[in-house]
Amino acid sequence: MDSLMQLFYDEANEMVEGMEQVLLALESGEPDPETVNALFRYAHSFKGNSAAMGFTHLSKFTHGLESAMEVLRKEQRSLTPELATLLLQAVDTIRTLLERTRTEGDVGDPACETLLQQINAVISGESTPPAPTAAAPATTTPSELTAPSTTPRYQITYQPAPTLNAEHDPLQLLSELTEYGQILECQFREQIPPLNQLKTDACYGSWDIVYETAFEPAIVRALLELAAEGAEVRIEPFGGASVSEHAPATTTESVATAATTAAPSTSNDTVAPAATQTAAVSASASKSEAQSIRVSTEKIDALMNLVSEIVIAQSMLSSAQHADTDERTRAAITQMERHVRDLHERVMAIRLLPVSYLFNRFPRMVRDTAAKLGKKVNFEVEGEETELDRTLLEALSDPLTHLIRNAIDHGIEPPDERRQHGKPETGTIKLSAYQSEGRIYIEVRDDGRGINTERVRQKAVQLGWITESDHPSEETLYEFLFQPGFSTAQQVSDLSGRGVGMDVVKRNVESLGGSISVQSRQGEGSRFLLRVPLTLAIMDGLGLTVADEHYIVPLTAVVEAFQYESLQHTALFDQYELVNVRGEFIPLVRLRQFVGLPESDNDGLIVVLEQEGQQIALLVDGIAGQQQVVLKSLEENFIRVPGFAGATILGDGRVALILDVSDLIRRGRQSTERYAAIA
Amino acid sequence: MTITRPTQETTTTTDANTEKYLVFQIGNETYGVPLLQVQEIRTYTPATRVPNAPDYVLGVINLRGNIIAVIDARTRFGLPPLPEDESTVVVVAQVSDKVFGLRLDSVSDVMDIPLDQVQPTPPIASEATHRFLNGMVQVGERVVILLNLREIFDIDALNQMVA
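Note that the protein sequences, when read in sequence, are chains A and B. 281 is the number of the first residue of the first sequence in the numbering used here; add one for each residue after it. 55 is the number of the first residue of the second sequence in the numbering used here; add one for each residue after it.
Chain A with its partners taken away, still in its complex shape:
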């Protein structure tokens, strides 16, 4: 596919998603003019784009929709559930058609016409005067969408830094402003001192600007600050009165003519009508999405590799310094070091995306699933701004979808049942994300009926996993939920309950280096907690040495480190080694043995590692310090090596292998279990 087509599809999908989100927002809340306008913007751009690509059916259908929705906008009506469902269906239809265009070109669907008729019927049935629906195509033009009344205006006071230098060019800054909005008015306020006090490099004076932009004040501020460090910038929502306040300006210089292409209007009354709307509009403007560009992950990975190489080259350069290195070179190297570190961190951060990227898919799914099952669900999301590696986010999509579906299907009770139990009819499912101790936690919580542990036990008995007389702990019973072939749903639905799922969820999460746990209280609800690493690509590691070899272990797994001699050591049957760490016996794994090196006579260090609540003591020769490491795949060009999670490149360009802690623990535990079997 050529890049233009790719761009079209990328954008189109974004717009379709945008329409869906807006519809859901409209359904649940009051009709907010800005939100309705957003819906129009999406529909309108989509119509234009598809027409440009020659997909006439798509553009015609969207056009029809747009016209139908025009009534909604004019009358500022809220969406009825019926209408919302129809409009969401329309969005689905667009999505399907869009997919089909990939292979079939300009295709249409007779369903479109029916859907449009239904929508129009519902709309005209609701509105008191029969709405002129499809007959009003000309009313939605782009110019109307960006009409002055909807764009927030700001009063900007810009006072450049006291000292001007080559980097500070007020005109440059003003011209940048015009790229993001329109300068409606620009006044220069002179504050020139008497000649004998005048400094040649000082800046005397400031600008008052009336600025119109769809961007948030914070972005305008950042823009101004970026362009002029040290400058004083004041941004206020534009009010008619504030312009005249600054009237005593001695000169009204039309800087704008030099810097902008927009026709600046100097008269106050042309902009005054906007004042009344400013408050409402600026509040909704803060909802606007972050500006972004699309870059392929391949490019980012290539950039990351390159930066890693620079980091290595930098550390080689740093270590090449010696006593005779002159001051200037040293200073340059130190400065380079700092910049390279910054660069490294920033490139790393590029891969991170807010979880909202993933969470945004769920409100629609919850709505549809709940409607299908006749349940009432209020879906809450928290911590959407938490950032996570993109690949991880994508990999979490399936497990989360499953957990949320399960919560609706098995967790939340039907409304009447909830009423009987004295609960509000509408159940709540809460999806939240947060970061703690270098890991990301994602929680799916519902206030439904909870897990019936007795039924889980019965089912386990039925499956022959335990006997009728067994009464395992709650924890063990919850573990059963994640075993393949387990499902307590009495009736198999097409949504969940096929006995596949929870085990797949667990496996998926574990393959990301994460874990899943569940807590539940019967009658009150359940809580599934996913723990995943912040990113698959970067982690904090602790360097461990044996002989002249260097290994890395994830810092998150390290509990503590001791001198080996200070610990009590026991070998069961002279084989299964345990060490006593403050009264607790922990299996011992010798790293030398693990990597196939001969034992050393010197006592080393014990590093206690923990994962999933299990600990082992790892005997190493020494610790090489903490470092941030980029996780590299061994498998990509070689093979998966058991016992190792991957490899990384050290500061000197050498490769170090990263230990797989869960594998170490498994081996450590296995030997103790073998002992238990013998005993």
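One thing to keep in mind: the hints can contain errors.
Only part of the chain B face toward chain A is listed, based on derived beta-carbon distances under 8 Å [said to hold, decoys possible]:
1) 102
2) 103
3) 115
4) 123
These are computed hints drawn from the structure, not numbers from a lab. The beta-carbon is built from N, C-alpha and C at its ideal position, and this holds for glycine as well.
Given the coordinates of chain A, work out where chain B should sit on it, guided by the hints.
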């Protein structure tokens, strides 16, 4: 670190029946691999040992941010390894979708190999090493033994051995 890349013109075949081969000495004989499979030739830098890997895997190195394995050609062919010196090189080659390095004592030349004159290797070599050979050919005074890089790297065997 010096990295030499085969230049553009050497990677193209001159006529239908010949192909460019990178040739080198191992022990007393001359061996060759198709130049098209060779990505680059670099000086040898110590590799990081991979526990439990067979002895012919010297370890892994960093190739511009990617981790690749380095295989010692001598050990792979059952010859005693030589200590490295200035002429020790790693030939970085690609087989299937994996890139790996082959450590050689030195590289000597790029040669046109007349493909229609390649003869099958007589089965005198042991069965284990016979699969490394794609045939042999007389070029002028030299006999060039053509190597099968896929068999030398043999990712499937490695997977089984290490797992």
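Hint check, residue 115 of chain B versus chain A [nearest Cβ-Cβ separation less than 8 Å] | Given a least distance of 6 Å, the restraint on residue 115 of chain B holds.
Should the interface hint for residue 102 of chain B be scored as holding, given a Cβ-Cβ cut-off of 8 Å against chain A?
-> Holds, about 4 Å.
Interface hint compliance - residue 103 of chain B to chain A, C-beta minimum distance less than 8 Å = holds (7 Å)
Against chain A, run the beta carbon of residue 123 of chain B and see if the smallest gap drops under 8 Å.
-> holds (4 Å)
Consistency with the previously given hints is maintained throughout, with no hint failing.
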